[in-house]
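Chains as they are written, first to last, in numbering that gives the first Met the number 0: chain A, 0 to 626; chain B, 0 to 305.
The hints are simulated quantities; they were obtained by calculation from the structure and are not laboratory data.
A few of these clues could be false.
[Said to hold, decoys possible] Chain A residues, not near chain B, derived (Cβ > 12 Å throughout):
| id | residue |
| --- | --- |
| 1 | A28 |
| 2 | L232 |
| 3 | G334 |
| 4 | G462 |
| 5 | P518 |
[Stated by the list, open to error] Derived pair list, reagent style BS3-like, types lysine-lysine, alpha-carbon separation capped at 30 Å:
| id | chain 1 | residue 1 | chain 2 | residue 2 |
| --- | --- | --- | --- | --- |
| 6 | B | K261 | A | K555 |
| 7 | A | K316 | B | K63 |
| 8 | B | K261 | B | K63 |
Yeah, the Cβ is synthetic: ideal placement off N, Cα and C, and Gly gets one too.
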Amino acid sequence: MSSLLSTGSSALLAFQRALNTVGHNVANASTPGYSRQRVELEARIGQNSGPGQFGAGVDVARLQRLADGLVLGRQLDSSGEMGRLQQLSGLATRLDMVVSDSVGGLAPPWSEFFGAAEGVTADPTSPAARGALLSAGTQLATRWNQLDRQMDQLDGEVNDRLTAQVAAANRLAGEIAHLNRDIAAAGPNASPDMLDQRDLRLGELAGLVGVETVAQDDGSVNVFTTGGQALVLGARAMELGTVPDPYRNDRLQLSLQGATGQPVPLGSGAVSGEIGGLLEFRERVLDPARAELGRLAVAFAAGANATQRAGVDYNGKPGMDMFELPPPRVDRHAGNSGDASFTSRIGDLGALTGQDLVLRFEAGTWSATRADTGQAVPVTGSGTEADPLRVGGVELVVGGTPASGDRFSLRPTAGAAAGLQMVLDDPYSIAAAAPLEASADAGNVGSATPGASRITDAAAFAGLAGARIEFIDAGHYTIDGGAPIAWEPGQPIRGDGWELDLDGTPAADDSFTITATPPRSADNANARQLAALDELDLLAGGTLDLGTALAQFTGKVGGDARHAGLALEAQTAIDTQVTAERESISGVNLDEEAANLLRYQQAYMAAAQVIATADTLFQSLLGAVRR
Amino acid sequence: MRISTAGMHLQSLQSMLQRQTGLARTSEQMSSGVKFSRAGQDPAGATAAQRLDHALASLGQLGKNAGTLQHRLELQEHAITDAGDRLSRVRDLVIGASNGAMSDHDRAMSAIEIRQIREELVSIGNRQDGSGRALFAGTRDSGAPFTLDNNGVTYSGNEGRNSVEVAPGLALADTDPGSTVFTRVPTADGGERDVFATLAAIADALETPRDQLADPDVLQGLQADLDSAQEHLRSLRAGTGARLATLENAAESRGASELALKTTLSDLRDTDYADAATRFAMQLTALESAQLVASRMQGLSLFNKL
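With the rest of the complex left out, here is chain A:
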């Protein structure tokens, strides 16, 4: 009877525990990260009593937490990817909206400018047409400035977000380290709720930086970045931080406290999660887009300026530059020991790629690599004024003395979009006219007629009053009776400060008279050059025109946004799948809990009845004895 009593009370106790657990599950049905719990019941083994072993009731073997470490691993991977792609896609879409906006983008003022240039060709002396070109040029330059400013704001936002998210990641890593310590101290009795809290924080940390975990024998987990650097080792958290870029103070890099306690810079490849997404956006999307925007600005401004300089303005003066551009940017590494500095300028427009480079001075020679891929880029020249260093279309003159090991960052087109400025303000300063008025002599026999002309040297051209070109035979000509010069078909006649194309074939004794174009000329030849600038193959070694490059730029930024968006969609599907898997194992189902509640409640009531029966038996026994 005492065994019946103890059997009944063991059942009462066990079902009370089970009901408690059901209550705990119901209470936490919508707690984030909660894993449902279950009591495992086990029959209590009785003592041998002759005929066999009679059972002695029930025990709660253990409180089980339903969770799967493998699913957690997948969940952490997915959180890291989700965080990375959300940042990347969100920011790339914002950049796309800036660039391809139908009102605020480059395309409308671009078309406006070339339309205005066409307008000047139809009415070259009209101050209204010329004024329209100047204001369209100003608009276009301003739009370039605005786009660069908006990109600069995105760049600043990356810095701000980086700082905020590094702080959040450090807080989470610290909490995980604490939980590790408590769990290790509790040993096998560690609370399942504590484990849930740690998993929840691991998930959040993964969303920020992306993590890999390694479980330890004492119950703690070590946490590493996706690049393998330790973030949490047992009860110790490593501090993430930000350090200024060695080439430029306005940009922050991610760092991690190393073994010696010193911060070590982390590349964008070392982390995933939101922080990885921010760094990737900056490196792969924003920087190239900004460099390309700058390259377009450089090519456009240089092309327009060259066209201006080739012609003469309304006052008969050689054309002046239309746009002002800042020179390519060179920044020294903070750790340089030499005092070298650079004077930079754009050399070869066709070779300009817009990619940022790192220059290195080692054992007396300069070398260059791409900043993003580390690929070597050829450098020629010695760095003097007469023989400047030539790298990626940029010419550099070295001042001061570099020390071996010194590094410099060369950003050929950075700042170009921000600094592009219209510098003409007088409509009459537009060089619409060709610099020369040339005529063939009436007695010429050959078919040659004077074609386009250009100024090659403004100072020398200013002294030109007029000249006479005489062909002494079909293959040689003289200018004002000077030394004979060989004539090559397709090549211009080159005078002092000017060039003249001849169309057709000259014959011996043919002659041509040229004079400098006088003021107030209505000639439109040079304006036509300007109007055709968007179709001139200036870029990529003379294979890419500006109009196509501009459309490609828009397409590239849009493509980046689209790829990030598609990757995010795919990852969202994976994440939903992983979440469903976790929920399927660990999530609380209220119907299930309701059924369990009924089951355990009934069992509890039955166990109480067993105790009542034991009491009745005991009372009957007592009654029998009393008699």
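Dock chain B against the given chain A, drawing on the hints supplied.
Same frame as chain A, now just chain B:
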């Protein structure tokens, strides 16, 4: 597969959110009239559309250019016709004067009229296009190209002639320089002569009494020069007419290009309303059913039945 209560809620929430995103995109396409509002929604389409927009804008400007050019060429046509009419009058006067019955006095009267016509021709040569540019001055068109003094008529323009783009890849010549029209006029003997000088020579011959003429046949030679000058003007007029006809063709070609560009752009960028409306209706139904399912699922609980 086991479903958790929170998971069930999450699932129905997500399916509603997804359908709302799709619905918002379709309704944006329908209200804005375009399939994509930023390049990321269709990078290839946006790249092509940007180029087409630029081509369309440039067509518009070429149309304005053609308008300016047409105005100037029509003025040139009028001027040349007027000059031809004046030369016809001179020719009539010369034929009249060749008649032996005409008195020296009447011949002198004709000479006065011819000098008058010569001045008119100078003013025709100095005509402007209405915006301050001389029509027949080459590219030195800021002042009057022809000046008349005791020594005759001097041309101060040049031989320059602008080309103006009026359709993609088609550039037409602007007005002819005054030298081509008036000063380098072919003569009957194959040389070149200033038409003003021809008129002056005719007037001189008519002012001279018939019996004092050094060469009694001088008028016949001058009349032949006059004929050849008229022929020259007629051919210039034909050339101008041809350019005006080309301008009209260019307008047609611009119109055709514009239509083609707009059609391509529209296919590329504009919302297909039939498609969008169908999609909208489907997405709406899907969202409504997702909402219905969600509300019904949330009502289900064993606890309600205990």
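Right, here's what the structure says about each hint:
{"no.": "1", "hint": "A28", "result": "violated (6 Å)"}
{"no.": "2", "hint": "L232", "result": "holds (33 Å)"}
{"no.": "3", "hint": "G334", "result": "holds (40 Å)"}
{"no.": "4", "hint": "G462", "result": "holds (21 Å)"}
{"no.": "5", "hint": "P518", "result": "violated (8 Å)"}
{"no.": "6", "hint": "K261/B x K555/A", "result": "holds (24 Å)"}
{"no.": "7", "hint": "K316/A x K63/B", "result": "holds (29 Å)"}
{"no.": "8", "hint": "K261/B x K63/B", "result": "holds (19 Å)"}
Violated hints for the displayed structure, listed by number in ascending order: 1 and 5.
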